[in-house]
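**Q** If you want the building blocks of each chain, they are given just below.
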Amino acid sequence: MKVAGIDIGSLTTKVVIMDDSKVISYVVNQTGDEVEQAARQALEEALSKAGICTQGELYIISTGIGSRGLQFGQGQKAVATCLARGAFYFFPSVRVVIDLGAETSTVVKVNERGRLIDWANQDKCASGTGLFLQQVAKLMQMPISEMGKLPIPEKAAEITSTCAVFAESEIISHIHRVPPTPKEEIVAGVYQSVVGRLMSLIKRVGIAKDVVVTGGVALGEGLVRVLERELGFSVLVPDEPQIVGAVGAALIAGETAKRGVSQ
Amino acid sequence: MNSTGSGNKLGSVIRACRLIRRMLRADPEARQSQFMYYQMLEDYFTRVLRAKEEDGFVVGHTVFFPAEIIYAMGLVPMHTETATWTMALFTGDCSDILASGARLGMAQEICTPHRGLTGAFASGALPHPEVMLWSNMVCDNTAKSGELIMEVCNCPGFFLDRPFKRSQHEIAYLVSELEDMVHFLEERSGKKMDWDKLSEIVARMDRQIELVRQINELRKNVPTPFRPQGFLELLTVDYLFPGQPEALEYLETLYRELNEAVKVGKGAVKQERFRLMTLFIPPMYLMGFLDRISREYGAVSVIEPFFTFWGEGRLDPSHPLESVARKSYMIPEMRMYGPLDDRALGAIVNCAEEYKIDGAIYYADVGCRHSCATIKLFKDTLADIGVPMLVVDCDVVDATVTSEEEVSEKLQQFFELLEDR
Amino acid sequence: MTEQHDQAGKLVVLERFRQVNRSFPKTKEIMEWRGSGRKVFGWLCTYVPEEIMHAAGILPVRIVGYSREVDLDDGNAYMYVNNCSFARSCLQMGLRGEYDFLDGVVGGSTCDGARRLFDLWRSYIKTPFHHVVTVPRKYTERAHALYYQEVLDFKSHLEEHLNTKITDEALYKSVQLYNESRGLLGKLYELRQREKPPISGAETMEVSNASFRMPKEMFNDWLKELLNELKSSDRFYSGRVRLMLVGSVLTNAEFVRFIEEQGGLVVTDELCTSTRYWGDLVTFEGTNSPLEAISRRYLNNFPCARMFPSEERFNRIVKAALGFKVDGVISETIRYCVPYAHDLPLLEKRLGEHGIPMLALDVEYGTSGSGQIKTRVQAFIEMVEARRR
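Just so you know, the sequences run in chain order A, B and C. Per my numbering, residue 1 is the first one in the first sequence, and the count goes up by one each step. Per my numbering, residue 264 is the first one in the second sequence, and the count goes up by one each step. Per my numbering, residue 685 is the first one in the third sequence, and the count goes up by one each step.
It should be emphasised that the hints constitute simulated quantities derived from the structure, not laboratory data. Just to be clear, a hint being listed does not mean it is correct.
[Stated by the list, open to error] Keeping only pairs whose Cα atoms sit at most 27 Å apart, straight-line, the calculated BS3-like set for lysine-lysine is:
| no. | chain 1 | residue 1 | chain 2 | residue 2 |
| --- | --- | --- | --- | --- |
| 1 | C | K712 | C | K810 |
| 2 | C | K908 | C | K694 |
| 3 | C | K849 | C | K880 |
| 4 | B | K428 | C | K849 |
| 5 | B | K533 | B | K483 |
| 6 | B | K483 | B | K619 |
| 7 | C | K694 | C | K871 |
| 8 | C | K908 | B | K428 |
| 9 | C | K1009 | C | K871 |
| 10 | B | K483 | B | K529 |
| 11 | C | K871 | C | K857 |
| 12 | C | K694 | A | K209 |
| 13 | C | K857 | C | K908 |
| 14 | C | K1033 | C | K1009 |
| 15 | C | K900 | C | K857 |
| 16 | C | K694 | B | K428 |
| 17 | C | K900 | A | K203 |
| 18 | C | K857 | B | K455 |
[To be verified] Pair by pair, the computed Cβ-Cβ distance ranges are:
| no. | chain 1 | residue 1 | chain 2 | residue 2 | range |
| --- | --- | --- | --- | --- | --- |
| 19 | B | G609 | C | E976 | 32 to 40 Å |
| 20 | C | V754 | A | K209 | 24 to 32 Å |
| 21 | A | A208 | B | G609 | 21 to 29 Å |
| 22 | B | V485 | A | S21 | 54 to 62 Å |
Fair warning: this is a prediction, and the values are worked out from it, not measured in the lab. All C-beta atoms, glycine included, are put in the ideal place defined by N, C-alpha and C.
Using the sequences and the hints, build the whole thing.
**A** Dropping the structure here:
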């Protein structure tokens, strides 16, 4: 049975089409200003990629910041619920999911059956991880993908501010020092400060292996390495970390459709 | 600073109570006990304002302070924290009294109920009492607030030192403190303590606690009969009317109503899906919203270990002062004060099991230090018996700390979690 | 601020004290004590009667947090960020096993931070013995009677746990020893009454910090040596102004040095870990019973801000400020410390009545100082200096 999961984030909209619990296509687009439009477009693209002509009997569940008030679909589920399902799908050994989005970081705890048992958000701060790192990449004058691949040196520059606004001025002073602080050290320092904040969040639900890291920011290997160093063990990252929430939504769509229930 | 103030804010509370009663009349689901509750509130604050107008003797006091003593002496009690949060609840905006508190030099870290109440005295939103009574229940903020209040209201005061543990000698000390307090009030008011009256009040208080226990027994029923957020009424009745006839009337009426509902299997919400335990006070300004959410999701607070779940013990009217002292150790929230030993943590576990709880919600008031330090401990205690706990960061009075949207998201997520299990 | 050391260089004994502080909690002395099969108990708050533990053959050491500002992830997870950083810091050290060598912990029901620290310690840190002493907030005779009973209960609990008897004789001996410490520390402080004290505030803090974390006999011997060193040296300090440091708990000597570097010589203080700790002697006025004498002393001791009425504390601060000819007072309150924060407006007023200005700083426990604090302290010192002229 064909189902779709739509995850509408502040920066990106992800759509996943699944059939009998297998991912048959997915799309990652910019959300932009028109949430409804972005969702519809992404869905169409995903359907087209999957070779499906009409929306027809497709059962759709949406999630994410932009999903409230979505005019189509069979229902909406909260983010942590979908992350739990999605991460479990990729790694049944998961116990903690760390989702690093553009504006929000979410840590999710699941039990051995992949059921959500606890979660914590970091949303009080004005800038989330993804957007902050984008800003840093701009300051470093390199594409974010390149920044993510920079090697992590032993020594990291000290970035004392956890607040992005103040951290920016610290980064700028590092760049303009005489001699300037090496780029790898600055970036490592930024990762250190981000991970420091994340650790507080993770401790609220409690560290447990295996840890799965999801979200667009997980594409940047550098941050993940620093996180592993802090945790003291390796983490699991799906090949496509951005679509985990949408996969979770799609799986829930499948379950609900089977039960013959519609919200 | 004028001593009666404009009385404006209390006036608003009184008007709001009238308005609510009018609204209740138009609601077919409304119960007699609800009418009684809002009438009691209105009468309470009217009495304070009248006392100020007619040169009566108003005794300001802080939370858990044994108002039984004030009633027994025929004086007019004014529960300062309740006055502050009913103002927040009914007027929806406390920024002026909080600003007034700030102007006095009160630090931002002082919790909003206390900044608000002292600010309210300074701005005249609350009338000045003739004397101020305060204690160390429930935290340092309360213990240290009295001296500044005395200065702002230019009135004498008495600090009641309530010991930490419940050994015999500590209870004896508390009794001696109460004796000193009676002397203080007699001296200042010119009125004598009526010990017979106090015994009567204690006898009624004993009955009052028994009634709450019986009401709790009814709440165990599936579906639970008591309206969502109704527990705040029980709390306020205990704060404002300990041992008073109107409190008994209210509780007896409420008991009858709930008993009827249980007989016919009528639940507080149409389809009870989630039975919750509430672990701290929800933000006042979100009450209406939380009520709606409760009904929408079929989620009801069935028991509140630190508000409505009384500790064991009976009060003996033949030893009134000692009974008043003992009551302080039975009060649900004083169990949370500490020490947090097995007895305190055991109460949470008992409640979860006896009331068939699906999940717990902890409203973490950012200004309330000593309660926030219990969050992890309670969460772990509940996790050990497989009950999830949601933490909602908020402030009981300050509406800028969190929004309906944020709370709504968290609750939705939590209910999904409960459903999923 | 100018300083001059004697020909021989730095104060030898001071270095020893510094080493104790740097290596705390697992200092050489504490580990040796344990190694010899004896017990070590941690305690918190000046209202816990140390002599009782000492008389039972225990080494009492004061529980404090990290000596610098650190990330308090674990502390925050258990105690929440809105509790004072001192309590969170202590808890974090406990959670991370830094105090795993303790055979017992004893606290007083003094303030919210301490109260919750002990609640959480009890649940999450497996120390074999745990006791909380109820401390009344008043000084009345009845309050004294209550506190005496509490001290008695503590003694009984200890005797039961250790399967021993704590005799009056042992208590008396402990009192003598502790009084000797108090007297010696008093002598050290007296040296700072001079116009040019031979020891700075930061250095003194190293001594008072060490006083509650090593065997008293050893401490007394070292302090006697230090007093001798100071007597025979011609070192001196003179600042632009003479300051008194008041507030809650402060153990980072770097912070004091930071203030002194701006030109304000700290000649005396009123902190949980300094004069409020050792200030008063146990006296036997009106009683022969060491237990009664101990309990009376501990309740009447230099007041913590939690005590009522607040005037008692203010009076003592003013007395000390006048006695040490202080030009200004700097108050440091740990963020979220309720009792001390509430005292600030009235304390400032009282000091003002004696012509002593006060600067109120809001700090995190363990801080060494910051740019913002530097600016404020500098401005304050300038203002005080101008007033003095």
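**Q** Is 54 to 62 Å respected by the C-beta to C-beta distance linking V485 of chain B and S21 of chain A?
**A** violated, 36 Å
**Q** Run the distance test for K871 of chain C versus K857 of chain C: straight-line Cα separation, threshold 27 Å.
**A** holds, 21 Å
**Q** Taking only the CA atoms, is the gap from K533 of chain B to K483 of chain B under or equal to 27 Å?
**A** holds, 17 Å
**Q** For K900 of chain C and K857 of chain C, compute the direct alpha-carbon distance and say whether it is at most 27 Å.
**A** holds, 12 Å
**Q** Check whether the Cα positions of K857 of chain C and K455 of chain B lie no farther apart than 27 Å.
**A** violated, 51 Å
**Q** Does the Cβ distance between A208 of chain A and G609 of chain B fall inside 21 to 29 Å?
**A** Taking Cβ atoms as reference, A208 of chain A and G609 of chain B lie about 27 Å apart, which means the hint holds.
**Q** Tell me if the straight-line CA distance from K849 of chain C to K880 of chain C falls inside 27 Å.
**A** Between K849 of chain C and K880 of chain C the Cα gap is close to 49 Å, so the pair fails against 27 Å, i.e. violated.
**Q** For the pair supplied as a hint, K483 of chain B and K619 of chain B, confirm whether the alpha-carbon distance does not exceed 27 Å.
**A** holds, 8 Å
**Q** If I claimed the Cβ atoms of G609 of chain B and E976 of chain C lie 32 to 40 Å apart, would that claim hold in this structure?
**A** For E976 of chain C against G609 of chain B, whose Cβ atoms are near 37 Å apart, the range 32 to 40 Å holds.
**Q** Has the given pair, K1009 of chain C with K871 of chain C, been kept, meaning a C-alpha gap of at most 27 Å?
**A** holds, 17 Å
**Q** Given the hint that K900 of chain C pairs with K203 of chain A, test it: the Cα-Cα distance must not exceed 27 Å.
**A** violated, 40 Å
**Q** Would you mind confirming whether the straight-line C-alpha gap from K908 of chain C to K428 of chain B stays at or under 27 Å?
**A** violated, 42 Å
When held up to the earlier numbered hints, the structure conflicts with 3, 8, 12, 16, 17, 18 and 22 and fits the remainder.
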